[in-house]
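These protein sequence lines are chains A and B, in that order.
For the first sequence, counting from 1, position 1 maps to 62 in the working numbering; every step adds exactly one.
For the second sequence, counting from 1, position 419 maps to 480 in the working numbering; every step adds exactly one.
Just so you know, the hints here were simulated from the structure itself, not pulled from any lab data.
All values reported here derive from a predicted model rather than from experimental measurement.
Be a bit skeptical, because a hint or two may be false.
Identical copies go unnamed one by one, so any copy, or any two together, can satisfy a pair.
With a cut-off of at most 20 Å between alpha-carbon atoms, the simulated DMTMM-like pairs for lysine to aspartate or glutamate come out as follows [claimed, not checked]:
hint, residue 1, residue 2
1, Lys-458, Asp-105
2, Lys-487, Glu-239
3, Lys-273, Asp-223
4, Lys-458, Asp-420
Protein chains: 2
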Amino acid sequence: MSNANIEATIAVLRDVLGERLSTGPSILDQHSHDEAYTRPVLPDAVAFPETTEEVSQILKTCSQHGCPVIPYGIGSSLEGHIVPIHGGITVDTSRMNKVLQVNESDLDAVVEPGVTRVQLNEELRATGLMFTVDPGADATLGGMAATRASGTNTVRYGTMADNVLALEVVLPDGQIIETGSRARKSSSGYDLTHLFVGSEGTLGIITKLTVKLRGQPEHVAAATCAFPDIESAVNTVILAIQIGLPLARVELLDELQMKGMNIYNPDMGLPETPHLFLEFHGSEAGVAEQVESFAALVGEHGGSDFQWATKTEDRNRLWQARHNAYYAGRSLRPGANGVVTDCCVPISKLSECLMRAKDLAAELGFLAPIVGHVGDGNFHLLILVDPESDDELGRAKDLVEAVNMLALEFGGTVSGEHGIGAGKRKYLVQEHGAAYALMGTLKKAIDPGNIMNPGKLVTLN
Amino acid sequence: MSNANIEATIAVLRDVLGERLSTGPSILDQHSHDEAYTRPVLPDAVAFPETTEEVSQILKTCSQHGCPVIPYGIGSSLEGHIVPIHGGITVDTSRMNKVLQVNESDLDAVVEPGVTRVQLNEELRATGLMFTVDPGADATLGGMAATRASGTNTVRYGTMADNVLALEVVLPDGQIIETGSRARKSSSGYDLTHLFVGSEGTLGIITKLTVKLRGQPEHVAAATCAFPDIESAVNTVILAIQIGLPLARVELLDELQMKGMNIYNPDMGLPETPHLFLEFHGSEAGVAEQVESFAALVGEHGGSDFQWATKTEDRNRLWQARHNAYYAGRSLRPGANGVVTDCCVPISKLSECLMRAKDLAAELGFLAPIVGHVGDGNFHLLILVDPESDDELGRAKDLVEAVNMLALEFGGTVSGEHGIGAGKRKYLVQEHGAAYALMGTLKKAIDPGNIMNPGKLVTLN
Chain A
62 MSNANIEATI
72 AVLRDVLGER
82 LSTGPSILDQ
92 HSHDEAYTRP
102 VLPDAVAFPE
112 TTEEVSQILK
122 TCSQHGCPVI
132 PYGIGSSLEG
142 HIVPIHGGIT
152 VDTSRMNKVL
162 QVNESDLDAV
172 VEPGVTRVQL
182 NEELRATGLM
192 FTVDPGADAT
202 LGGMAATRAS
212 GTNTVRYGTM
222 ADNVLALEVV
232 LPDGQIIETG
242 SRARKSSSGY
252 DLTHLFVGSE
262 GTLGIITKLT
272 VKLRGQPEHV
282 AAATCAFPDI
292 ESAVNTVILA
302 IQIGLPLARV
312 ELLDELQMKG
322 MNIYNPDMGL
332 PETPHLFLEF
342 HGSEAGVAEQ
352 VESFAALVGE
362 HGGSDFQWAT
372 KTEDRNRLWQ
382 ARHNAYYAGR
392 SLRPGANGVV
402 TDCCVPISKL
412 SECLMRAKDL
422 AAELGFLAPI
432 VGHVGDGNFH
442 LLILVDPESD
452 DELGRAKDLV
462 EAVNMLALEF
472 GGTVSGEHGI
482 GAGKRKYLVQ
492 EHGAAYALMG
502 TLKKAIDPGN
512 IMNPGKLVTL
522 N
Chain B
62 MSNANIEATI
72 AVLRDVLGER
82 LSTGPSILDQ
92 HSHDEAYTRP
102 VLPDAVAFPE
112 TTEEVSQILK
122 TCSQHGCPVI
132 PYGIGSSLEG
142 HIVPIHGGIT
152 VDTSRMNKVL
162 QVNESDLDAV
172 VEPGVTRVQL
182 NEELRATGLM
192 FTVDPGADAT
202 LGGMAATRAS
212 GTNTVRYGTM
222 ADNVLALEVV
232 LPDGQIIETG
242 SRARKSSSGY
252 DLTHLFVGSE
262 GTLGIITKLT
272 VKLRGQPEHV
282 AAATCAFPDI
292 ESAVNTVILA
302 IQIGLPLARV
312 ELLDELQMKG
322 MNIYNPDMGL
332 PETPHLFLEF
342 HGSEAGVAEQ
352 VESFAALVGE
362 HGGSDFQWAT
372 KTEDRNRLWQ
382 ARHNAYYAGR
392 SLRPGANGVV
402 TDCCVPISKL
412 SECLMRAKDL
422 AAELGFLAPI
432 VGHVGDGNFH
442 LLILVDPESD
452 DELGRAKDLV
462 EAVNMLALEF
472 GGTVSGEHGI
482 GAGKRKYLVQ
492 EHGAAYALMG
502 TLKKAIDPGN
512 IMNPGKLVTL
522 N
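All chains should be modelled from the sequences, with the hints used to inform the complete structure.
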């Protein structure tokens with residue numbers, strides 16, 4: 062990094078972008094951090110390209126001058142992905158925010174990377190189609206692809222890896238490539254689309270995405286359901302998945318999280334025991350059948366108190382509350398910061414893994430509410446930490462490490478959906494072993510100058 | 062390749078494998094070709110490893126001596142994938158054929174690469190679970206992963222890309238890596254699993270696979286249905302997919318293919334007009350509802366003659382006949398060889414693409430029955446060619462080229478499921494443009510000695 066000629070880079074880019082290259086303090090500050098609890102670092106400048114060609118010129122220039130490039134969506138990442146830890150040029154894609162095509166017959170859309178998930182669904186509303194991946198934040202699709210994001214209905218409709226058909230990517234040297242096509246499947250060559258999905262801006266910048274759409278369900282039913290304990294809730298879901306119930310959403314919230322939900326959403330008033338938040342999609346008869354089957358399983362596991370959200374606005378309120386779980390959890394300890402884990406394990410191990418994670422949190426004296434995408438085996442501890450206490454922060458890091466080791470012990474992964482960023486690189490060798498070295502080989506082959514989001518995901522020697 | 066020290070390689074491998082390294086003429090001959098209509102080439106020897114460690118030793122040795130390595134499943138590939146065009150050691154995985162784990166709670170299985178799809182489903186029968194990907198041949202799972210295979214129920218359950226969770230791979234230098242995990246999703250690092258799925262043995266040898274399983278459907282209904290023309294059949298399916306009908310199988314057979322089916326299956330006796338072969342999975346009520354919705358669409362498009370296969374043995378006979386479509390098609394012209402195309406286009410373009418492909422075949426004077434995985438936009442022309450006629454073969458190649466160009470013109474791909482092998486490399490630059498060079502970059506980075514299945518998929522300078 063020491064050889065980067067930042068000044069020369071900025072001079073060239075200013076010619077290309079004019080006022081759309083900013084070095085203003087508030088802009089730099091805004092791009093110095095994401096939602097993770099990490100030390101902010103300022104970029105040297107922020108570029109706001111409007112076209113793929115501009116992105117290409119930025120990368121060509123940065124490549125020539127060895128200048129780091131940090132792709133930036135909306136700043137909602139959770140592992141310091143967009144912190145410019147070695148300085149450089151942040152490329153903010155917010156002005157590339159057009160929905161370029163909606164192909165209703167083919168159930169796909171072509172979008173620019175700065176389009177957000179809510180924006181896309183608003184533009185789709187009249188078509189009867191929907192884009193399904195829904196992380197908590199209203200993230201950009203470029204960012205979601207870069208972190209291989211998922212959400213509350215991944216159990217039914219998949220992650221970004223399952224929902225991106227094709228990409229346009231600008232490589233570190235400025236070359237523009239297209240990966241995949243609008244065909245639904247292909248055996249034509251290496252799967253470059255999946256290589257860039259989840260690459261966290263370390264291999265290039267995504268400038269266009271073709272994503273799958275689905276028909277809005279004919280009928281939707283949503284409910285919350287209380288359980289005496291976490292095992293009962295998890296076991297209910299395991300059985301439902303085994304018998305093939307096509308649950309559209311099935312989210313676990315532990316008793317602590319429910320307490321936070323009640324504080325943050327004063328109208329909610331649900332009992333403070335473990336809950337499932339559920340949604341069923343299908344025909345009217347199909348949904349009724351799913352609900353009946355699921356209710357039988359709930360009864361067998363001591364669950365009760367189905368609270369149905371029948372009106373659209375009630376459902377929206379329910380899922381908005383779920384999407385705001387992070388803030389609800391933080392309301393358990395006002396002034397605290399949240400440190401979030403993101404393990405994912407085989408579902409048969411989820412209950413045991415969750416209980417041991419809760420025990421670890423208790424042993425270390427933390428309030429740590431849990432939400433879980435239980436159908437995927439993915440759960441988040443929100444560890445509430447006093448930002449003024451180095452001791453607490455140190456213990457929180459110990460807890461994160463212990464929980465991550467637990468997930469690996471159970472054959473899982475340290476990240477179900479948030480990604481690695483700067484925060485989780487230390488776990489990759491343990492998780493991937495020799496395969497981690499291969500990731501470094503790929504990084505070196507595609508980005509030999511190590512300009513793309515350096516210090517994230519892969520650690521080069 | 063000229064520097065390969067084949068003799069030294071064979072001497073070392075004979076020490077490692079004993080009689081499981083064969084240079085017998087009939088063994089070499091058996092491994093000289095696949096199902097494609099290409100010139101056979103003998104390998105120098107065939108290795109039959111039984112363990113990952115043996116595969117590692119083979120690759121270490123071949124790597125040291127610059128000796129080509131051709132991974133071999135069961136020889137059912139369709140683009141000359143396993144033809145040793147530069148000689149070398151064929152690694153036949155047929156002795157690595159154990160189902161290692163069936164994790165019923167997690168709906169996954171861990172298998173060795175020589176396990177075939179029929180074998181796996183037989184071993185699963187008692188569990189109530191199934192593995193879904195079903196190419197025509199009873200291929201090995203290692204081979205299916207290597208070519209990113211799919212099948213008749215991909216429209217509902219996905220391709221190998223969607224059904225492989227994790228791999229063990231031996232890299233060209235003999236290093237053993239594990240990609241992915243048994244967790245259902247992960248955002249932990251580059252997606253190496255998808256990189257090896259579809260890499261056609263050019264990056265390493267798959268020695269273990271973790272694959273997704275699904276519950277066997279509670280209720281199944283299968284039928285054939287006749288249409289006045291191809292457009293009506295295709296448009297019926299497009300509408301069904303748009304309204305979200307979860308068709309489990311929907312296969313198109315044109316009038317010529319139906320004629321072949323009747324010759325090859327004398328009991329079939331179906332009218333020789335375009336047909337859909339269909340299957341519906343779900344609860345009893347759910348299947349009834351799907352059938353009702355689909356039948357309404359069929360009626361609107363002039364379809365008729367639902368022939369229901371209600372008994373399991375009737376259904377098996379129906380799908381066996383579909384899986385044997387290749388042989389049925391060839392029976393239209395006894396003694397002819399089949400040259401198969403494998404285009405896949407956005408479904409909205411399928412009807413037009415199919416009709417133009419049929420016209421091209423007619424213009425060039427070929428009998429070319431068509432089957433199509435119509436829900437995916439994927440179709441196969443089976444071009445029937447007199448093996449003694451160089452002229453016909455030349456014209457068949459022209460037809461393949463014209464059809465492939467058509468697919469690209471429609472925004473599709475030259476291979477939906479068969480892969481590239483030796484046969485389709487010339488189309489990759491046209492399909493992928495600059496992205497094809499990136500595939501070469503990846504190949505060079507992972508296999509710098511170019512020992513892995515050289516001459517397939519990527520063309521190195």
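task: Would you pick out the hints that fail for this structure and give their numbers low to high?
output: 1
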